[in-house]
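Chemist: Sequence:
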Amino acid sequence: MTDYEEKLVKSPEPSLEQLVDGTEFMVCMTEANTEFDWSKKISKFEDFLGIGDEASKSVQEQKAKARILQSVLAAEAPKKRRGRH
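In terms of our numbering, the sequence shown has 739 at position 72, counting the first letter as 1, and numbering is strictly consecutive.
Calculated from the structure, these hints are not laboratory results. Take these hints with a grain of salt, some might be off.
Using C-beta positions, here's what the derived DEER-type ranges look like [what the hints assert, rightly or not]:
hint, residue 1, residue 2, range
1, Leu736, Ser706, 21 to 27 Å
2, Lys707, Glu743, 22 to 28 Å
3, Glu728, Glu684, 31 to 37 Å
4, Lys747, Asp714, 42 to 48 Å
5, Asp704, Val739, 33 to 39 Å
6, Ala744, Asp704, 33 to 39 Å
7, Phe715, Ala742, 37 to 43 Å
8, Gly750, Lys711, 48 to 54 Å
9, Glu728, Arg748, 28 to 34 Å
10, Glu684, Ser723, 23 to 29 Å
11, Ala733, Ser710, 16 to 22 Å
12, Asp714, Ala742, 15 to 21 Å
13, Glu680, Arg734, 39 to 45 Å
Even glycine gets a Cβ: it sits at the ideal position worked out from N, Cα and C.
Throw the hints in and build the complete structure from the sequences for me.
Modeler: In C-alpha cells form, the structure reads like this:
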C-alpha cells in the first residue's frame, strides 16, 4: 500500500436497497409532469441525500429574503418618483 492509498478516506458503499431506491426516484422524476409532482419528487430526493431539512430551510430563507427585498423596493419606488418631479 502506498502513502497515497493510506491517506484516502473511503466512504461507505451504498446498499443495494439504497441504489434501487435512488434508481426508482430517478425514474419517477422523468414521469413527474406537474409543479406539485416535481416539488414532491425534489423533497424525496433531498431526503434521500440526507439534506431535506437543510434544503427546505434554505429555500424558505431565500423566499423570505426575496419578500423583504420586494417590500423594500416597493416602499422606495414612490420616494424615487417624488424625487424626480
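Chemist: Could you work out which earlier hints the structure fails to respect and list their numbers in ascending sequence?
Modeler: The structure breaks hints 2, 12; every other hint is satisfied.
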